[in-house]
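Trainee: The listed protein sequences correspond, in order, to chains A and B. With the UniProt record's numbering, letter number 459 in the first sequence gets 459, and the count goes up by one each step, no holes. With the UniProt record's numbering, letter number 173 in the second sequence gets 173, and the count goes up by one each step, no holes.
Among the clues, some could well be false.
[Said to hold, decoys possible] The calculated lysine to any residue pairs, modelled on SDA-like cross-linking and capped at a C-alpha distance of 20 Å, are:
#, chain 1, residue 1, chain 2, residue 2
1, A, Lys164, A, Gln213
2, A, Lys386, B, Arg227
3, A, Lys375, B, Gln309
[What the hints assert, rightly or not] Some chain B residues well away from chain A (every beta-carbon gap over 10 Å; in silico):
#, residue
4, Ala33
5, Asn106
6, Leu112
7, Pro162
8, Thr196
9, Leu247
10, Leu349
11, Tyr413
[As the list claims (entries may be wrong)] The following label-pair restraints were derived from C-beta to C-beta distances:
#, chain 1, residue 1, chain 2, residue 2, range
12, B, Lys301, A, Glu109, 28 to 38 Å
13, B, Arg312, A, Lys228, 57 to 67 Å
14, A, Glu109, B, Leu145, 35 to 45 Å
15, B, Asp394, A, Gly63, 52 to 62 Å
Since the hints were derived computationally from the structure, they do not count as laboratory data. Glycine included, C-beta positions come from ideal geometry on N, C-alpha and C.
Here are the chains, one letter per residue:
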Amino acid sequence: MTNSTILEMRGITKTFPGVKALEQVNLQVKRGEIHAICGENGAGKSTLMKVLSGVYPFGSYEGEVEYEGKECRFNGIHDSEKLGIVIIHQELALVPLLSIAENIFLGNEQASRGIINWDKVQRRAGELLKKVGLKEAPDTLITNIGTGKQQLVEIAKALAKDVKLLILDEPTASLSEKDSHALLDLLLEFKTQGITSIMISHKLNEIKRIADQITVIRDGKSIETMDKADITEDRIVTSMVGRALENRYPSRTPKIGETIFELKNWSVYHPLNLERQVIKNVNLSVRKGEVVGIAGLMGAGRTELAMSVFGRTYGAKISGEVFLHGKPSDTSNVGKAVAAGLAYATEDRKVYGLNLIDHIKHNVTIANLPGISSKSGVIDDNCEVKAANEYRKKTNIRSSSIYQITGNLSGGNQQKVVLSKWLFANPDVLILDEPTRGIDVGAKYEIYTIINKLAEEGKGILMISSEMPELLGICDRIYVLNEGRIVGELSGEEASQEKIMRAIVRGEEKVAS
Amino acid sequence: MSTETAPPVVNAAKASMQGAMKENLREYGLVLALVIIMVFFQVMTNGILFLPVNLTNVVLQNSYIIVMALGMLLVIVAGHIDLSVGAVAGFIGAVAALLMVDYGVNPLLAGLLCIALGAAIGGVQGYFIAYMKIPSFIVTLAGMLVFKGLLLNVLSGRSVGPFPPVFQLLSAGFIPDFLGPVTLVAPRLNAAGGPTPGTGIVLHSTTMLIGILIVAAMLYFALKSRRNREEHGYAAEPFSFFVVKNLVLSGIILFLMYKFASFKGLPNVLVVMGILIALFVFVTKRMTFGRRIYAMGGNEKAAKLSGIQTERLTFYIFVIMGMLAALAGLIYSARLNMATPKAGAGLELDVIAAVFVGGASALGGVGQVAGAVIGAFIMGVMNNGMGVMGINIDWQQVIKGLVLLGAVAFDLYNKKKA
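Extracted from the complex, chain A is given alone in its bound form:
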């Protein structure tokens, strides 16, 4: 029935040299629904969306795309946008130093004969911002608003193009819980206005909340499409992974020893605004073999805390003491911090973690070059190859060899390279900042396994995460950070999502008074 079906993709097959990215994929989307697509990283979700939006032009794939009852042969993104299909990529495509209004109409300028009508721009931008519920002046620069708001600008941009089918690629990957909620509400609101949405997401709770139908893709094939009524977390996970994952968190019997890492009265000020205290008198400790979590909302200061400890890579006017193995330690630059036995795996692996144009081998050894070279600084190639192969095996990096360029790896495998790099530096205490952000369920499980193994080897793990179930699943103890202050400390057994949230809320009350 063409009337209720807005989009049908049939038998889509797309091959890249040597790889079949998609094989006979079928997707049917009903008019006015929210259709979720899930699957592991590298399963082919983004490729499918690129076929749909014309990034891969007609002829470069096999199969048919039928939209509004007509077969489509898009030659570029312009063709699909003309028909109201708009895709919002995971990495936002906004120009930071232009205003919100200018970004909304980027490539779609409100102009006649090349001359921009600024009154119209302001007026229409104002209307669109109202629609997406963003309370910012249209001439605010993108760089001055947070990621959550930037995401809304992207959506306003899509609305400006008279969108009928909105495609969102992991829209909440970098949003806080609150912003995610607002965004999902917005999609539900669009649904009442008749806009169809396709959402790629890893977050099962989100899918459960808003999706009407969900299609699972695995290894380039469409596995199944289920209705809202049939959606259960277990079924989605089973479908995605291809086998039942009984437990999303591997078990571990904690063997906790003496305290190896301690932070006392740690205070940090904002590097650009010296009046603003970002971290306020934080005291915390990690014991041998213990996995300690740091929970908190976006902007609570978790990354800032970690980076200020790790070689003072963030902040100004830093005060307080770091103790490793009970002795005060100097961690005032990254080299000293590493030498003291500290490692920090960043939340943003592409920007801060990897040299994406170089291969796995060089990325794994870069934080510990002395470990593979003579005193005079000459690298032993054999030693390096051995180390890289060892850690590739240890962390189960899936690649053709250690000579694969890291930029071509999937998110989960990139994360394993980052972990390998820090494991090779042989630290006593590892700070992991969002180690599972944007990676699929299977890879997450592998990362948890690695974390458990490290704890069993007697290392101390300090793990920052925005996903509370994850912290509850693998941590022995959880600190709750809010507005730069520790507002709660919960043992693994007593911790629950409610208790963490309550600590945060109470903390806010304290700050207000």
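Dock chain B against the given chain A, drawing on the hints supplied.
Mentor: Chain B in isolation, oriented as in the chain A frame:
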């Protein structure tokens, strides 16, 4: 989920011949390009290009470019640029002339002072770039203007020369023939009973011996590293390919050494260059210092968070660049035997072009020493060949510009395909 797809041990010697060819074609594509260009000009100049005297000339003409290209490679891999090297080289040449000619300072001492001055100049520019975070383009553009001005100032519009004979040897001298000449074909005697120049073949035997030693050392190390890799079970290229590759490279080296030997032997400056090239290849390929430069150029933030002191590294890179620019200035003025107010003008562009033709990326993180050297020779051979052919200087510029553009476009096209 395919958990079982990660056999981490690379199979030894299983890399196919075809794969090796493909991989190496890109790596040795530049060598191939250089050979093709040389053969082209050999034909177009009716055999003048490969005459021993001309080949020696090509080396002398490009020596200072290559010396600076070594430093520029580090600068560009680190993600920076240095526009001041031409002006610095000219300025240092003038300082050398003042010291040696006007003040009679011992040439060796004067040379060392000049290189120290070059390091200081590089250090000051490096300080602004590394610690003050001013873009290198701006800092070195300012440096270019400053040192052009200082060059005019110290020379006050005159040319200073000639240099002491010992200093001239840097660019005009050849290594002594310890073993004595070997006559392969006796030259025809002229009316006065002396040998007619250009006839017969008399070999500079020390040069030939050095050539043979270099080839022997190269083969020894190639075999050793191959055996080492095999012992550890890491992939090596097929043996037939290994043999052909090394035979061709050895042949080229011996051929060139033979050409030098049948003129006056190895030019001193080529020895200096050879040592520097070997040193820079070693530093970039085998030392942590080099590795850190590539890491910084590839992703500075990640490098910093991996414990690399990026500021200090950048600072040292510019110090090295300053020293090499100073050395190039000495070679340049020794070759002209004079310091002139126009010395060094525009050299930076030749140096930068050589590095980019050699496959370095303007975004940083990518580039090889060997590539930069071959890039410099490609530009140098074209200069020489077109000069010999009598092509006008205006068209020479146009052609060089197009070759630079074409080389980089071809490289990018290749990478996209790969």
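Trainee: Decide, hint by hint, whether the structure agrees.
Mentor: So, going through the hints one by one against the coordinates:
Restraint check for Lys164 of chain A and Gln213 of chain A: satisfied, since their Cα atoms lie roughly 18 Å apart, inside the 20 Å limit. Our distance criterion of 20 Å between C-alpha atoms is met by Lys386 of chain A and Arg227 of chain B, whose separation comes to about 16 Å. For a cut-off of 20 Å, the pair hint linking Lys375 of chain A to Gln309 of chain B stands: about 18 Å separates their Cα positions. Every CB of chain A is more than 10 Å from the CB of Ala33 of chain B (nearest about 23 Å), matching its label as outside the interface.
Every C-beta of chain A lies more than 10 Å from that of Asn106 of chain B, the closest at about 32 Å, which supports listing it as non-interface. Non-interface call for Leu112 of chain B relative to chain A: holds, since the shortest CB-CB distance, roughly 24 Å, exceeds 10 Å. Listed as a non-interface residue, Pro162 of chain B keeps its Cβ farther than 10 Å from every Cβ of chain A; the least gap is roughly 42 Å. With a cut of 10 Å on Cβ distances, Thr196 of chain B stays outside the contact zone with chain A, its closest approach being about 52 Å.
At roughly 24 Å from the closest C-beta of chain A, the C-beta of Leu247 of chain B stays outside 10 Å, upholding its exclusion from the interface. Every CB of chain A lies more than 10 Å from the CB of Leu349 of chain B, the least distance being 26 Å, so the non-interface label holds. Under the 10 Å C-beta cut-off, the non-interface status given to Tyr413 of chain B relative to chain A holds; the minimum distance is some 16 Å. At roughly 33 Å, the beta carbons of Lys301 of chain B and Glu109 of chain A sit within the given window of 28 to 38 Å.
Judged by the Cβ atoms, the range 57 to 67 Å given for Arg312 of chain B and Lys228 of chain A holds: they are separated by roughly 59 Å. At roughly 40 Å, the beta carbons of Glu109 of chain A and Leu145 of chain B sit within the given window of 35 to 45 Å. Here the CB-CB span from Asp394 of chain B to Gly63 of chain A is close to 56 Å, well matched to the stated 52 to 62 Å.
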